[in-house]
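As they're listed, the protein sequences go chains P and H.
Each step along the first sequence adds one to the number in the working numbering, with nothing skipped, and position 78 is 78.
Each step along the second sequence adds one to the number in the working numbering, with nothing skipped, and position 201 is 441.
Since the hints were derived computationally from the structure, they do not count as laboratory data.
Careful: at least some of the hints might be erroneous.
Computed footprint of chain P on chain H, listed as stretches where at least three residues anywhere in the stretch have a Cβ under 8 angstroms from a Cβ of chain P [unchecked claim]:
| id | stretch |
| --- | --- |
| 1 | 360-367 |
| 2 | 372-385 |
No more than 20 angstroms apart at the CA atoms, straight line, and that leaves these computed lysine to any residue pairs for SDA-like [what the hints assert, rightly or not]:
| id | chain 1 | residue 1 | chain 2 | residue 2 |
| --- | --- | --- | --- | --- |
| 3 | P | 104 | H | 380 |
| 4 | H | 329 | H | 411 |
| 5 | P | 5 | P | 205 |
| 6 | P | 69 | H | 376 |
| 7 | P | 104 | H | 375 |
| 8 | P | 129 | H | 461 |
| 9 | P | 238 | P | 216 |
| 10 | H | 375 | P | 73 |
Please read these numbers as outputs of a predicted model, since none were measured by experiment.
The beta carbon of each residue, even a glycine, is placed where N, CA and C say it ideally should be.
Residue-level listing of the chains:
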Amino acid sequence: MIDVKNLEKNFGGANVLDGITTTIEKGEKVVVIGPSGSGKSTFLRCLNRLEEATGGEIWFEGANICDPKCDIDRLRQKMGMVFQQFNLFPHLTVRQNITLAPVKLGLMDAAQANQKAEELLARIGLSEKADTYPSRLSGGQQQRIAIVRALAMNPDVMLFDEPTSALDPEMVGEVLELMKQLASEGMTMVVVTHEMGFAKEVATRVVFIDGGKIVEENDPQTFFSHPENPRLQDFLSKVL
Amino acid sequence: MASLGEQLYTCLIAKERWLLILEGLGNTLLIALGAIILGTLIGGILALMRLSNNWLLRGISYLYITIIRGVPMVLQLMIFYFVILAPIKGMPKMVIAIISFGVNSGAYVCEIFRAGIQSIPVGQTEAGRSLGLSKWQTLGYIVLPQAFKAVIPTYANEFIVLIKETAVAGYIAMRDLTKAADLIRNATFNAWIPLLASAVIYLCLTLGLAKLFGTLERRMARSDRR
Chain P
1 MIDVKNLEKN FGGANVLDGI TTTIEKGEKV VVIGPSGSGK STFLRCLNRL EEATGGEIWF
61 EGANICDPKC DIDRLRQKMG MVFQQFNLFP HLTVRQNITL APVKLGLMDA AQANQKAEEL
121 LARIGLSEKA DTYPSRLSGG QQQRIAIVRA LAMNPDVMLF DEPTSALDPE MVGEVLELMK
181 QLASEGMTMV VVTHEMGFAK EVATRVVFID GGKIVEENDP QTFFSHPENP RLQDFLSKVL
Chain H
241 MASLGEQLYT CLIAKERWLL ILEGLGNTLL IALGAIILGT LIGGILALMR LSNNWLLRGI
301 SYLYITIIRG VPMVLQLMIF YFVILAPIKG MPKMVIAIIS FGVNSGAYVC EIFRAGIQSI
361 PVGQTEAGRS LGLSKWQTLG YIVLPQAFKA VIPTYANEFI VLIKETAVAG YIAMRDLTKA
421 ADLIRNATFN AWIPLLASAV IYLCLTLGLA KLFGTLERRM ARSDRR
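With the rest of the complex left out, here is chain H (with noise of 0.2 angstroms):
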């Protein structure tokens, strides 16, 4: 049994196996950043038509998040790539993961966005209106900056359940974070430390993540502090 240093040194260092890491860190971040703004996206016009007067743009809101909402993420991906942009010859498998995991998270963001703008009180609304402003306005100077401070932590929440997601990115082949690791402990038969070092890596970047918003909220309760 070789020692912890050696074990170490065969899994992240030999071999620049410390750059496979890296390369599938860099994925798993783009893929992410990449869904969370499509994600984000999607999720807000989604919401706008869920909460809308128009019965037709209710329902096809409602649908989507509920054939969403209903198929597992990874079987979403494997759709995506092996069928619906299948056509599309020389589309990079980092765009396809994106369009997935972006398309599987306008979903979530949608009831995270609906529930937030359903927390202000009607008051609010109107009030603005009573004022003449119109429903946009009101929506936009009165309603939205309310409901964008009550979702962050749950928002906060759906990114980290999103960078965790995208650990099934290896199902179409791309090398993200968690396939560096398998792919390091084929070629070395350990388990143990690349499979850790991932881990690690994963839990890193969630609370990093969690402290960046939780900043985040504290500086937007200005207002609320009594």
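Bound conformation, chain P alone (with noise of 0.2 angstroms):
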């Protein structure tokens, strides 16, 4: 579904990726870990190009998004994605949110995206909050509408950066449970986080990038009971 070649990018004479090729199959749970400033945000972020790569290729449904003459916006379409810090449109209300970007971009008329705002929200008990303000609204109530505000384009897949790390302890499980119950629905997913829980119940792959490169990747079973590169080791001794 999303085939990455040799993937660089290169922020001011650094390499924050130096060549990453990967290929996420449709209905694969891929978890992205790693050690802060490794690249694993850059790279997620340049599946659908809010970062420009500077080297390589990256295939999805038969165009390359690397490319700059694709449709990237047409592509967006396809790809939702989850911001660690939320960013739900504060000028809008809940439903508005939802409905914005369907109805603008004349996928729904208005009462039909009114429908699967309402049908989404039911889903993750927030109906009552349909018409309020996303200030009013907690940080978990607020990652899960913007999960479910993207569920609203019919994505074939779905990126997650850092989804649960500006989240309170305590608020962390449900907006979890969420991405749990769209994994168990088939959603395709790229998912970087710390969360080295929802890594070994979840995905079907673990992906370790260190210094901009993969580093190891495995089905987490044998990820987390036998890694074998020792920088992997080192850093899940610090984090498990």
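Assemble the dimeric complex from its two separately framed chains, guided by the hints.
The structure is reproduced here in structure tokens:
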């Protein structure tokens, strides 16, 4: 589904991504971990070109995302993204946050989008919050709404950029729970996170990035019980 | 020395002098209103140019702002009147004044808008773009509505400053509020009453505007309340 070939990203002389090659198959849940500054978030952000790669290719649904001539807006409609800081639109109500893109992009009319928003809000138990503004909601509620806002576009893959890192500890669970539900429904997911428990439980593959390279990747069972690379061993000894 | 009542009568009522003040007030308002509209248009376009990826557009915008902000308003007004617009015969002074003040205000409005747009966290743009919205859709539906709210106080301030700046319109022989007061001073040899009267009128205008924008600001802040 996503084919990454020798991806490079150079920030003012430093190689943040130093030749990443991997393939994400439909239905896979890939969890990306690594020390801070390893390039894991940059890797994720290159996948929908929020960061411009400086080398390599990313193939998604028959188009090379790194090609400046590709229709990136259309490709992004199929790649949902969830941010660490939620990034809900503060001037719009929860309902408007969810319906804005589908309606303005002509994918749904207002009534369809509204119905979709209500279904999604009912699913996360926040129906009564439809007409409130994001600033009145807790971080966990905001992040769950950010997730369903992305889902309203019916994406083929969901990208998560440290979705629980900005949350108070007691709200992490509700967000992870929603992500687990999505995973069990077969959504293709790429998740950058520090939640090792989530990686063990949900991932079909765990990828360790360090120094802009994929140092090791494996199924979670082997990954966590028999890490081979010394840097991964060191990293796991610190976080587990 | 005449009593205060007599002075007031001589300066503001006699010989239909109140009509002169009213005419001056009308002209002041018309210049300021026309100029803020023109200035907002120019400022909006300049701000988008300033933030564009095209170096030429950025350069033009930067040059415009540098020149306008570096030259005194009175001088700009005179340059428009005696030089730039002089070849166009029969152009009403009002139009010339509106163009001069509007062109000037545009530079300041541009900086206000630019600061407002840049005050919106980049995450907002990223969220919009990641949903598949185009650059312009993201700007129009997500960034500008928030920026608009953020700039109301400084924009209101610019309008208030502009009203006061129009007081130099007398330099091109426009009869604005200040000029009207000055004419009365000349005719009556009384400086106190006409000058103070016009000062009070300016004060009422600016206070009223401040209040109006304050109300607007509170209305727009609905979504910020916790």
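Inset, instruction - Give me the numbers of the hints this structure contradicts, sorted from smallest to largest. - result: Violated hints: none at all, because every hint is consistent with the structure.
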